[in-house]
Amino acid sequence: MAASRDDRLIVIRALLARLTSALLASWIVLTAVFFLLRLLPGEPGTIFEDPRVPQEQRQRLRTIYGLDRPLPEQYVRWLGGVARGEWGYSLSQHRPVGQILRETAPNTLLLSGAALLLELGLGLALGVAAAARADSVADRGMRILSITLWSLPTFWLGLMLMAAFAVALPLFPPGAMRSVDADELGLGRRVLDLLWHLALPAAAIGVPAAAATARFVRSTVLERLGEPFVQSARARGLSAGRVLWTHALRAGLAPIAQLAGLSLAALLSGTIAVEVVFGWPGIGRATYDALVARDYPLLLAGTALSAAFVLAGSFLAELLQTWLDPRLRDA
Amino acid sequence: MPDTPPTTGRRRTRALRAGLALLATIVAAVALLPAIWTRSPDRQLDPAVAGLARPGSRFDVVHRADGSTLAAVAIEVAASEVVLQGQPRPTRIAIGDLAGGGLGPQALDSQFFPLGSDEFGRDVAARLLAGGRVSLAVAGWTVLLIALVALPLGAATGSAPPAVDRFVLRALEGLQAFPRLFLLLGLAAIVRPGVLSVVLILGLTGWIPMARLVRAEVRGLRNREFVLAARSAGAGRARIVLRHLLPNALAPALIEASLAAASAIVSEAALSFLGFGLQPPAASWGNMIADGRTALTGGWWVAFFPGAALALTAIAFNLVGEGLRDRLDPRSTAQPPAAPR
Chain A
0 MAASRDDRLI
10 VIRALLARLT
20 SALLASWIVL
30 TAVFFLLRLL
40 PGEPGTIFED
50 PRVPQEQRQR
60 LRTIYGLDRP
70 LPEQYVRWLG
80 GVARGEWGYS
90 LSQHRPVGQI
100 LRETAPNTLL
110 LSGAALLLEL
120 GLGLALGVAA
130 AARADSVADR
140 GMRILSITLW
150 SLPTFWLGLM
160 LMAAFAVALP
170 LFPPGAMRSV
180 DADELGLGRR
190 VLDLLWHLAL
200 PAAAIGVPAA
210 AATARFVRST
220 VLERLGEPFV
230 QSARARGLSA
240 GRVLWTHALR
250 AGLAPIAQLA
260 GLSLAALLSG
270 TIAVEVVFGW
280 PGIGRATYDA
290 LVARDYPLLL
300 AGTALSAAFV
310 LAGSFLAELL
320 QTWLDPRLRD
330 A
Chain B
0 MPDTPPTTGR
10 RRTRALRAGL
20 ALLATIVAAV
30 ALLPAIWTRS
40 PDRQLDPAVA
50 GLARPGSRFD
60 VVHRADGSTL
70 AAVAIEVAAS
80 EVVLQGQPRP
90 TRIAIGDLAG
100 GGLGPQALDS
110 QFFPLGSDEF
120 GRDVAARLLA
130 GGRVSLAVAG
140 WTVLLIALVA
150 LPLGAATGSA
160 PPAVDRFVLR
170 ALEGLQAFPR
180 LFLLLGLAAI
190 VRPGVLSVVL
200 ILGLTGWIPM
210 ARLVRAEVRG
220 LRNREFVLAA
230 RSAGAGRARI
240 VLRHLLPNAL
250 APALIEASLA
260 AASAIVSEAA
270 LSFLGFGLQP
280 PAASWGNMIA
290 DGRTALTGGW
300 WVAFFPGAAL
310 ALTAIAFNLV
320 GEGLRDRLDP
330 RSTAQPPAAP
340 R
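Listed in order, the protein sequences are those of chains A and B.
Using numbering that gives the first Met the number 0, the letters of the first sequence map in sequence onto residues 0 to 330.
Using numbering that gives the first Met the number 0, the letters of the second sequence map in sequence onto residues 0 to 340.
Careful: at least some of the hints might be erroneous.
Covered by chain A, per the in silico footprint, the following chain B stretches (three or more residues, Cβ under 8 angstroms) [stated by the list, open to error]:
| hint | segment |
| --- | --- |
| 1 | 135 to 141 |
| 2 | 167 to 175 |
| 3 | 236 to 246 |
| 4 | 270 to 279 |
| 5 | 303 to 311 |
Calculated from the model, a selection of chain A residues having no Cβ within reach of chain B, i.e. all distances over 12 angstroms [what the hints assert, rightly or not]:
| hint | residue |
| --- | --- |
| 6 | S20 |
| 7 | W26 |
| 8 | R37 |
| 9 | R94 |
| 10 | R139 |
| 11 | A162 |
| 12 | A167 |
| 13 | S178 |
| 14 | G236 |
| 15 | L267 |
| 16 | S268 |
| 17 | L304 |
If you're looking for bench data, these hints aren't it; they were derived computationally from the structure.
By construction, the Cβ of each residue, glycine as well, lies at the ideal position given by its N, Cα and C atoms.
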């Protein structure tokens, strides 16, 4: 295992290269969106079309927001701000975009984190269970069930969960993130209240993702079961369960970590519609509202931040993968 | 415990056959049922009575001479007038005011809503069929566009010099890092909504996975014996790519195409649901679910049926994709499934 230090360097260099290219791609996409948005008829921000706002007031607002300058200058100023971590001023909420992002980002992280936990927990359990009974009736049933579940559109699943468990059977709240009186509750009750509000939206995003993960875990574990080190463990007389959980699954954790990183983009895409459905105050909903209100600074920042989450997630997942891969770990 | 599933023969094509059968059923239903179920998807039947009617509802309908219609839970015919029950209070209409001037079939009929009606008193079944035509067409055209972009691009990159290949691969990986729905929404805001623009933005944001698959396949085969043999026989680069490399890449491309179709149909629905895809009053499964969202407390069926149709179609495409993978590519069992939405 002498070469593994070099191996690790190579991995890290590859990761950095990928990060650079992702940042470049993000810059290109954001620049394209910045200019394309200005091709739209009408002005940024619906306030400029409100007939109740007097003409000189509108002109003053344009000056304040810098919208009266030539487009290239606006772009350079925007890019300079972004480089300093300033995303400008929201045209619809009339406060700094950074402030909005700071308020909404934790909520989206909470929702997608809960969905990710659900995805990995359910996915691992069901995937290993299916691998243990490969090709049995139960396994084939699981296959059909998981294809069905991962085909479900998250926003529709969210609506149906709401119709079933918030309207027909009022077990869960139909939306929002906390109860009206949440501030008066103690800390423990407040956490419970949050989880209670989190259940349906997290299930809408997490359950289809878990089905996909279960399929992947099943085939990864099955592949490992055929490898010599697993067969030798079996030959040494270890129980089937032990072989499955400690040998086959552990060897398969690295590709599973990679899948978790890859699924982040899908989870975050899922949060937009689900946040809109459940009125969850996260980045997805803020971005959607910004789109409706033609609030370009907020729209660009929300898109960029969600891409940043995905990048950070896949970066972490790859680091985790190199750490979990026994060939790279045993330095 | 078997090492790998010994899937052979009919077993191996079971998912494929199930998927194709389901898909054929859906396409046939959407294509043929409108010939039987001729009610217009836009027709509003008296929302005051027939709005948000449960699946299986039946209404008596009175057609007046001025062309308007009134629906009722029940109709009583008296000597000189008909009495409609079920309005806030009974409505009386003189027989002379009825269409055709009497109690004929033009004036009185009974209408059945197998899947219920929406808030506007429109037939969910008729809208489901109309929306299905649009949703399926969008998915089909999108996959065609994806193939038209991804096949040449993937083949070109895969057979290009390594530096170019690496550069393009980096660019594609970077683009894939973007959460697709954010990108779709941003693009959808820019174009005028319609079938063509939805196909364009779905196609232009969806071709990367297929291009990467084709590229990987072409790259892997580039130095195999049969390619070297062709090259030494004097075949040019274009001929090698077109005749020897691309045909081998078609199997993974076909698998990806059916997964992309599932993703396209769901993405279109998500866009329309959020109001940036196909616009009302035209029906699409996505905007029907949006209608169903506002009606959710009054009736689950408005959102349920279009979503179920959407899910069934996505299941059919995904089954076809899985089945093709079993059939064409038995080696690659450990593929991370394409996770769209």
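A quick look at each hint next to the structure:
1. 135 to 141: Since three or more residues must qualify, the claim that chain A covers the segment 135 to 141 of chain B is violated, with 0 doing so at under 8 angstroms.
2. 167 to 175: holds (count 6)
3. 236 to 246: Three-residue rule not met by the segment 236 to 246 of chain B, so violated; n is 0.
4. 270 to 279: Held - the segment 270 to 279 of chain B has 4 residues with a Cβ nearer than 8 angstroms to chain A, which meets the minimum of three.
5. 303 to 311: Since 4 is at least three, the answer is holds.
6. S20: Per Cβ check, A/S20 is inside 12 angstroms of chain B; nearest 4 angstroms; violated.
7. W26: violated, 9 angstroms
8. R37: Check fails; 10 angstroms does not lie beyond 12 angstroms.
9. R94: The assertion about A/R94 holds, with a minimum of 22 angstroms to chain B.
10. R139: Given a closest Cβ separation of 9 angstroms, the condition is violated.
11. A162: violated, 4 angstroms
12. A167: violated, 7 angstroms
13. S178: Consistent with the label, A/S178 stays out of reach of chain B, its closest Cβ about 19 angstroms off (over 12 angstroms).
14. G236: Consistent with the label, A/G236 stays out of reach of chain B, its closest Cβ about 15 angstroms off (over 12 angstroms).
15. L267: violated, 4 angstroms
16. S268: Check fails; 4 angstroms does not lie beyond 12 angstroms.
17. L304: violated, 10 angstroms
When the structure is compared with the earlier hints, violations turn up for hints 1, 3, 6, 7, 8, 10, 11, 12, 15, 16 and 17 and for no others.
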